[in-house]
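S.K.: Sequence:
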Amino acid sequence: MVTSSGPGDWLVLTGAPLGFMGRHDSAARLRADGTVMLRWGWRTGSAGLLAGPGLGEAVRYAAHAVASHEHVQDVLTYLRADGGKCWLPDARPGEDGTLTATAEQVGLARLLCGLSGGGDFDGYMRRAGITEVPGEREP
28 MVTSSGPGDW LVLTGAPLGF MGRHDSAARL RADGTVMLRW GWRTGSAGLL AGPGLGEAVR
88 YAAHAVASHE HVQDVLTYLR ADGGKCWLPD ARPGEDGTLT ATAEQVGLAR LLCGLSGGGD
148 FDGYMRRAGI TEVPGEREP
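First residue of the sequence shown: 28, per my numbering; consecutive thereafter.
Since the hints were made in silico from the structure, they are not lab data. Just so you know, even glycine gets a beta-carbon here, dropped at the ideal spot from N, CA and C. There may be inaccurate statements among the hints.
[What the hints assert, rightly or not] The calculated label-pair distances, taken between Cβ atoms and stated as ranges, are: (1) R87 to V160: 36 to 42 Å; (2) G35 to V93: 16 to 22 Å; (3) G61 to G150: 29 to 35 Å.
Let the hints inform the model, and build the full structure from the sequences given.
M.R.: Right, here's the structure in full:
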């Protein structure tokens with residue numbers, strides 16, 4: 028539901044009280060029903076250097092969705108790189124060593140990029156060498 032939606036499906040909230048946000052620094056509400064909330068921007072650590080021109084240090088962040096204060100989607104991690112200009116899936120090396128991410132991970136990163144005014148998502152995916160793959164994400 029969350030990762031298959033687009034930026035136009037959400038209303039980005041500004042000026043939310045700190046208690047409402049928890050450890051996250053951004054939030055949006057799903058326009059269709061108003062009860063599903065997406066929160067993102069909880070820094071969880073460094074992911075190291077990303078390959079690709081100008082991507083630099085990647086920082087790992089977490090996002091999660093809640094509906095009427097009940098958990099509706101697992102916490103997903105994503106990466107911010109290029110000085111915060113791009114949001115990328117938290118990709119893992121595949122069997123052949125290439126970086127891979129599931130459709131769920133790519134969907135979240137694409138959504139956050141759109142909600143936050145990020146750069147050319149597909150271009151950043153190519154530069155980082157991340158390939159979308161079918162299947163479930165691993166913990």
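S.K.: That 16 to 22 Å hint for G35 and V93 (C-beta), does it hold up?
M.R.: holds (21 Å)
S.K.: Using the Cβ atoms, figure out if G61 sits within 29 to 35 Å of G150.
M.R.: holds (33 Å)
S.K.: When you take the CB atoms of R87 and V160, is the distance between them in 36 to 42 Å?
M.R.: violated (20 Å)
Hint 1 from the list above is the single one not met by this structure.
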